[in-house]
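Trainee: Sequences listed follow chains E and B, in order.
Numbering of the first sequence is given in the numbering used here, commencing with residue -18 and proceeding in unit increments.
Numbering of the second sequence is given in the numbering used here, commencing with residue 127 and proceeding in unit increments.
Hints were generated in silico from the structure; no laboratory data involved.
Hints are supplied without guarantee of correctness; some may be wrong.
[Stated by the list, open to error] Listed next, with one range per pair, are the computed distances between beta-carbon atoms:
| hint | chain 1 | residue 1 | chain 2 | residue 2 | range |
| --- | --- | --- | --- | --- | --- |
| 1 | B | 242 | E | 150 | 34 to 42 Å |
| 2 | E | 114 | B | 256 | 33 to 41 Å |
| 3 | B | 138 | E | 4 | 54 to 62 Å |
| 4 | E | 1 | B | 254 | 20 to 28 Å |
| 5 | E | 138 | B | 236 | 34 to 42 Å |
| 6 | E | 55 | B | 254 | 20 to 28 Å |
| 7 | B | 291 | E | -10 | 30 to 38 Å |
| 8 | E | 171 | B | 256 | 48 to 56 Å |
| 9 | E | 1 | B | 288 | 31 to 39 Å |
| 10 | B | 291 | E | 101 | 54 to 62 Å |
| 11 | B | 146 | E | 92 | 28 to 36 Å |
[Unchecked claim] Sample of chain E residues facing chain B (criterion: CB under 10 Å; computed from the structure):
| hint | residue |
| --- | --- |
| 12 | -16 |
| 13 | -13 |
| 14 | 56 |
| 15 | 222 |
[To be verified] Result set (DSS-like, lysine-lysine): computed pairs, CA atoms no more than 25 Å apart in a straight line:
| hint | chain 1 | residue 1 | chain 2 | residue 2 |
| --- | --- | --- | --- | --- |
| 16 | E | 66 | B | 402 |
| 17 | B | 402 | E | -6 |
| 18 | E | -17 | B | 220 |
| 19 | B | 265 | B | 252 |
| 20 | B | 220 | B | 252 |
Please read these numbers as outputs of a predicted model, since none were measured by experiment.
For every residue, glycine included, the Cβ atom is placed at its ideal position computed from N, Cα and C.
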Amino acid sequence: MKSYKALITLDLKLALRQKSVIFFNYLFPLIFFFIFGQAMHAERGAAMTIVISMVLIIGILGNGLFGAGIRAVQEREANILRRYKVTPISPAPLLVASVVTGWILYMPNVLLIFTLAHFLYGMPWPNSMPSILLFTTIAICGFRSIGLILASVVNSMQESQLLVQLIYLPMLFLSGATFPLAMFPSWLLVVTQFVPATYMVTGIQGMLLRNEGIAANIQPAVALLLTAFVGLFISYKLFRWEKEEKIRASAKLWLAAVLTPFLLLGFWQMHARTGIAKTKILNRQLARSETLLIRGARIFVGDGQVIENGSVLVRSGKIAAV
Amino acid sequence: MNTAAPAISVQSLKKSYGDVHAVKGIDFTIQSGEVFGLLGPNGAGKTTTVEILEGLRPRTGGEVTVLGFDPDRQREQLKDRIGVCLQATNLPEKIRVREAMQVFASFYTRHVDLNKLLQRLQLEEKRDAFYGTLSGGQKQRLALALALINDPQLIFLDEPTTGLDPQVRVEIHSLLEELKREHRTILMTTHYIEEAERLCDRVAIVDEGRIIALDTPARLQQQSRNASSIVVTCATPFPQNRPTWAEAIQSSLDPTSRTLTVNSRRPAATLVDLVKWIDQQGLELTDVSLKQPSLEDVFIELTGKSLRE
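Can you build the whole structure from these sequences, using the hints too?
Mentor: Shown next as structure tokens:
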């Protein structure tokens, strides 16, 4: 147990001494937050929920793939793991420390973003905050694990960079974090149901817009949790301490093994279509979330009455006042 | 030498990587408290042998016991008890010296007082320095500190001074001598002959996966085909006709007739005889020196190779 604690403390210190960690983990999401916040007029309606889900998914993807994946490869390539190899520890404390460190480093971000959204853009505190925190925790563990398994199946730094981009970019674009899923043709919507990041976006949006709890998102939560455990287990089994130990190319298939929970979830969704339906409901809800006032209109009221030059107030898709 | 169980015992150890036979049947025993050197050119199988003993690599064949453990099957217990200083390892650039000590201390079931260890390796002033800012010698001292952190009775040193400048090498040597005085068992690999001569009680010369000679550095030198030469200088000239001294092969006089060189395979016996004769002749001895073939000569003779090829 001592070694777990010591490695977590060390990983945290090392991370905070790294300029790239400070930039990508803390500054980068904030930059996105303000750019998206301005561009999408986040002070209006529910646009803030889109901004928040975007910023969170970009951060968690980066934290997992770059923070855990690339760093683990670096440590092996620099002969640092070789030094640990002669001590009595197993890979377990190194892997667990990486996941825990990623979580500790990322969580302040979540709180900061919600605080900024509340005070700068007037977003009410979500009722489902505990569920949101739990869900982001599971997501961080899942994506850290994906990063670690990635590190364990590549043989060089270049290979890891390539593989990370191959996973990072599709996840970013297909998840609805950068382009709203409403823009997607229906065949592409089916594809998105195989992407873990999609469930993160719809999960967080559902929790924010519809006060959903973790129970309503139990499928993606379980899938992410499975990814975390399977990923850690396979990373442990494939762990290499030295860059000279090469792994055969077919080992990259283990990456697919980690994504199996989502493959199953994707196929199930092709059949059930609840995920796509949820995406559409969320989009509709987002679209009509703005408060609208129509002035100088001729209004035909349901009872036959006609008001010349009147005003209608629409709030959350419903007429609130005439 | 003590009669307790040997620290390391190796019998017909073999290691193959596919068709490549890196170690082809090696036998040796290291008593506790002994400093044992594995000497050989690159690729001779030294590092592979040491890594098998450290529990880092499984062996292909043979019997190995290290501190009573089987390195293949009792890896963790073994690693908890030994100290290892590997070639070409690194620590993160931004780790502080004391943090490295703390984190490595946490890996073992017991550890020594970290401040005392830092003091001993003259790293006290550097305790808050980042690893990336240390000099080569300081990094190597830290590597030794980490190898000593669990107070090991058995220490493995894989080329502990390779790539260091001569002054730092001397520094590391005196540290190793100190460990030797504490009766710790040390197994080291090196390709510096002087290092083996200075530090090792016994040396095994390894070439192409086999041990081709194993003895104390002194006796290995005696095995050399090259004879030692004894050079004596007297205040007055030597007489022209000289007897044949015990074990001497040949002798020659320099042009002044005051310096005599005698070649011998057993210089000790020859020297006694020679000095007696000088005394009988009533000559006044001003200087005596003995030149032995170096371990390097022995090495080249045995392997036909230079150590640093």
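Trainee: Does each hint hold? Answer for all of them.
Mentor: Hints versus structure:
Distance hint for residue 242 of chain B and residue 150 of chain E: a CB-CB separation of about 53 Å, inconsistent with the stated range 34 to 42 Å. A beta carbon spacing of about 35 Å between residue 114 of chain E and residue 256 of chain B agrees with the range 33 to 41 Å that was offered as a hint. For the hinted restraint 54 to 62 Å between residue 138 of chain B and residue 4 of chain E, the CB-CB distance of approximately 57 Å keeps it satisfied. Between residue 1 of chain E and residue 254 of chain B the CB atoms are about 23 Å apart, so this pair conforms to the stated range of 20 to 28 Å.
At roughly 37 Å, the beta carbons of residue 138 of chain E and residue 236 of chain B sit within the given window of 34 to 42 Å. Against the hinted window of 20 to 28 Å, the Cβ-Cβ separation of residue 55 of chain E and residue 254 of chain B comes to about 24 Å, which satisfies the hint. Checked against the given bound of 30 to 38 Å, the beta carbons of residue 291 of chain B and residue -10 of chain E, roughly 35 Å apart, stay inside it. At about 51 Å, the beta-carbon gap between residue 171 of chain E and residue 256 of chain B stays in the expected band of 48 to 56 Å.
The hint said 31 to 39 Å for the Cβ distance between residue 1 of chain E and residue 288 of chain B, and at roughly 33 Å that hint holds. Distance hint check: the CB atoms of residue 291 of chain B and residue 101 of chain E are about 59 Å apart, consistent with the given range 54 to 62 Å. Taking 28 to 36 Å as the suggested C-beta distance range, the pair residue 146 of chain B and residue 92 of chain E does not conform, at roughly 56 Å. Taking 10 Å as the C-beta contact cut-off toward chain B, the hint placing residue -16 of chain E at the interface holds, the least distance being around 5 Å.
For the restraint placing residue -13 of chain E at the interface with chain B, the shortest Cβ-Cβ distance is roughly 4 Å, inside the 10 Å limit, so the hint holds. Because the beta carbon of residue 56 of chain E sits about 8 Å from the nearest beta carbon in chain B, less than 10 Å, this interface hint is met. For residue 222 of chain E, the shortest C-beta to C-beta distance to chain B is roughly 8 Å, which falls under 10 Å, so the interface hint holds. Among the hinted pairs, residue 66 of chain E with residue 402 of chain B is inconsistent with the structure: their alpha-carbon atoms are about 60 Å apart, more than 25 Å.
The straight-line distance between the Cα atoms of residue 402 of chain B and residue -6 of chain E is roughly 73 Å, outside the 25 Å bound, and the hint therefore fails. Of the pairs offered as hints, the one joining residue -17 of chain E and residue 220 of chain B holds, with about 21 Å between alpha carbons and a cut-off of 25 Å not exceeded. Taking the CA atoms of residue 265 of chain B and residue 252 of chain B, the gap is about 11 Å. The hint holds against a cut of 25 Å. A hinted pair counts as satisfied when its Cα atoms are at most 25 Å apart, and residue 220 of chain B with residue 252 of chain B qualifies at roughly 13 Å.
Hint compliance for this structure: hints 1, 11, 16 and 17 are broken, all remaining hints hold.
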